[in-house]
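*Asks:* Chain by chain, the residues run as shown.
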Amino acid sequence: MKAPDFRYLKPKTLPECLSLLAEHGDLAQVLAGGQSLMPLLNLRLAAPAVLIDINGLSELSGIREADGSITIGALERHEEIAQSAIVRQRLPLLADAAPHIAHIAIRARGTIGGSVALADPAAEWPACCLALGAEIELASTRGRRRVAAADYFQGLYTTARQADELVAAIHFPPAAPNAVHAFREISRRRGDFAIAGLALAALRTGETLHNVRLAFFGVSDRPILASNAMAALEGRPLGASMIEAACKALGAELSPPEDPAYPAAYKRQVATTLLARILGDLQAELLDA
Amino acid sequence: MLDDNNTRIALTVNGETVTANVPARLNLADFFRHDLGLTGTHVGCEHGVCGACTVLVDGKLARSCLMLAVQSDGARVETIEGADASGRITKLQQAFHRRNALQCGFCTPAMLLTVGELLRVNPKPSRDEVRDWISGNLCRCTGYQAIVDAVMEVSA
Ligand SMILES: Cc1cc2nc3c(=O)[nH]c(=O)nc-3n(C[C@H](O)[C@H](O)[C@H](O)COP(=O)(O)OP(=O)(O)OC[C@H]3O[C@@H](n4cnc5c(N)ncnc54)[C@H](O)[C@@H]3O)c2cc1C
Ligand code: FES
Ligand code: FES
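Residue numbers (our numbering), protein chains in the order written: chain A, 10 to 298; chain B, 615 to 770.
If you are wondering where the hints come from, they were derived from the structure by calculation, not from laboratory data. For glycine and all other residues, C-beta sits at the position ideal for the given N, C-alpha and C. Be careful, since some hints might not be right.
Stated by the list, open to error - Which chain A residues face chain B? A few, computed with CB under 8 Å, are given here:
#, residue
1, A12
2, D14
3, Y17
4, A117
5, I233
Stated by the list, open to error - Label-pair distances were calculated between CB atoms; the ranges are:
#, chain 1, residue 1, chain 2, residue 2, range
6, B, R734, A, P272, 35 to 45 Å
7, A, A56, B, N620, 11 to 21 Å
8, A, E25, B, R734, 32 to 42 Å
9, A, Q98, B, P737, 24 to 34 Å
10, B, N714, A, P186, 39 to 49 Å
11, B, R702, A, E216, 48 to 58 Å
12, A, G289, B, N736, 22 to 32 Å
13, B, E743, A, S78, 28 to 38 Å
14, B, R734, A, S78, 27 to 37 Å
15, A, N220, B, R712, 50 to 60 Å
16, B, E743, A, A75, 34 to 44 Å
17, B, H711, A, A56, 41 to 51 Å
18, A, Q278, B, T633, 56 to 66 Å
To be verified - Cut-off 25 Å, straight-line C-alpha distance, at most; resulting in silico cross-link-like pairs (PhoX-like, lysine-lysine):
#, chain 1, residue 1, chain 2, residue 2
19, A, K19, B, K674
20, B, K674, B, K705
21, B, K705, A, K21
22, B, K738, B, K674
23, B, K738, B, K705
Chain A on its own, in the form it takes in the complex (with noise of 0.2 Å):
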């Protein structure tokens, strides 16, 4: 099908865009890499009233580092973030989760604020951000403010952000030294949303994890943490028995939405398998290093 019609406005600064925002509202789409809202519009399962295109506003371009935490502007392309030398030697995590992001015409338009302003359940960089426990900048002309991925992610499609505000970066806080990550997905597809996926950060020291956060997508409304299995994992050695019994727990924590294409029980069953894989994976790499 073909989009509905709307009124297309292309801002030129940040400050005009957010008088757009807060004069249009609700009847207002923010137009970013366009991936996901293009088809919502030839699926005329949206129909806003105005557009406001930002792909002119070079404020929310750009990666920096600042006294160790990373600031993702929201315009950044997935695949910007994926080449980025900041990103992969300082968040490798996302540099390991970017290739899983739809395919590659896809993520040379896509951008990392369309997707966390989006909050798809099985999206990748939103579960990335409650891992890394990444803080994401909303503007408004009321003001700036920042809130934490566990509080900004809220539940299906649902965040924190207000109708007048944009997603203008993500903040990333510094990563130790002595930071282990590892980043799985099971999809159907390569470049499909994941059936379920898994970020994990933490910090070793030795064989031993602490500050343990494993963020899972594709499981829930939103990314979660799964807090029992991470209790299970915080502060002993990594070994068999120890993996066994954070897979246990998570089998018992999650309780995935029912999907006539993916019944809960498989779900849970691919999740378990993904944290097992991952800490298998990670328990080698412990060793070796």
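Start from chain A and add chain B with the ligands according to the hints.
*Replies:* Showing chain B with the ligands alone in chain A's frame:
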């Protein structure tokens, strides 16, 4: 369509400057096909899944069904017609022909542009890398094997 919702755009298509007056809701694929008569850009799903509408925008692969024509203002765009005329994909086209890497041909223009881009950034891909790269381009005829064969032949 309301005339006052039309926007004047100027862009480069296959090396030539094009100016047009386009309605906001017109997508880039339809602009090529209906306004410019460039029908090598195919339209399958209109929601980003099939990849048949893939073109190059400012040197990057893009789904033309997921871009508005107004967003191409100032851009440099290449469609299969331009890539074909330039001669830069001739070897690939010949390998596709030789290897039977097309049957109905619906996916072929976008497939050629997509693998052409792969060979530009990675001249010697593995078979897995080729499959990964074309994961967003559906082909309902060939089963992909012959497409991968053709790409491997050119990359060797
Ligand atoms: C075939 C296909 C497969 C895909 N597979 C995956 C996948 O496996 N994993 C995945 O994560 N994604 C996938 N995607 C989606 C893709 O990653 C999108 O790029 C992403 O979800 C949205 O980013 P965008 O920049 O394209 O946003 P848009 O489509 O432009 O916008 C999406 C929504 O966010 C709002 N928005 C955008 N930017 C901002 C901002 N800065 N502030 C406030 N609101 C904003 C828009 O108004 C809109 O409601 C897929 C898409 C397609 C078409
Ligand atoms: S028509 Fe654009 S991806 Fe299918
Ligand atoms: S040749 Fe028919 S779809 Fe690919």
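*Asks:* Take the hints in turn and mark each one as holding or not.
*Replies:* Going down the list of hints, with the structure as the test:
{"no.": "1", "hint": "A12", "verdict": "holds (5 Å)"}
{"no.": "2", "hint": "D14", "verdict": "holds (5 Å)"}
{"no.": "3", "hint": "Y17", "verdict": "holds (4 Å)"}
{"no.": "4", "hint": "A117", "verdict": "holds (4 Å)"}
{"no.": "5", "hint": "I233", "verdict": "violated (27 Å)"}
{"no.": "6", "hint": "B:R734 x A:P272: 35 to 45 Å", "verdict": "holds (43 Å)"}
{"no.": "7", "hint": "A:A56 x B:N620: 11 to 21 Å", "verdict": "holds (20 Å)"}
{"no.": "8", "hint": "A:E25 x B:R734: 32 to 42 Å", "verdict": "holds (37 Å)"}
{"no.": "9", "hint": "A:Q98 x B:P737: 24 to 34 Å", "verdict": "holds (26 Å)"}
{"no.": "10", "hint": "B:N714 x A:P186: 39 to 49 Å", "verdict": "violated (54 Å)"}
{"no.": "11", "hint": "B:R702 x A:E216: 48 to 58 Å", "verdict": "holds (53 Å)"}
{"no.": "12", "hint": "A:G289 x B:N736: 22 to 32 Å", "verdict": "holds (31 Å)"}
{"no.": "13", "hint": "B:E743 x A:S78: 28 to 38 Å", "verdict": "holds (34 Å)"}
{"no.": "14", "hint": "B:R734 x A:S78: 27 to 37 Å", "verdict": "holds (35 Å)"}
{"no.": "15", "hint": "A:N220 x B:R712: 50 to 60 Å", "verdict": "holds (57 Å)"}
{"no.": "16", "hint": "B:E743 x A:A75: 34 to 44 Å", "verdict": "holds (36 Å)"}
{"no.": "17", "hint": "B:H711 x A:A56: 41 to 51 Å", "verdict": "holds (44 Å)"}
{"no.": "18", "hint": "A:Q278 x B:T633: 56 to 66 Å", "verdict": "holds (57 Å)"}
{"no.": "19", "hint": "A:K19 x B:K674", "verdict": "holds (22 Å)"}
{"no.": "20", "hint": "B:K674 x B:K705", "verdict": "holds (21 Å)"}
{"no.": "21", "hint": "B:K705 x A:K21", "verdict": "violated (43 Å)"}
{"no.": "22", "hint": "B:K738 x B:K674", "verdict": "holds (19 Å)"}
{"no.": "23", "hint": "B:K738 x B:K705", "verdict": "holds (15 Å)"}
Hints 5, 10, 21 from the earlier list are contradicted by this structure; the remaining hints agree with it.
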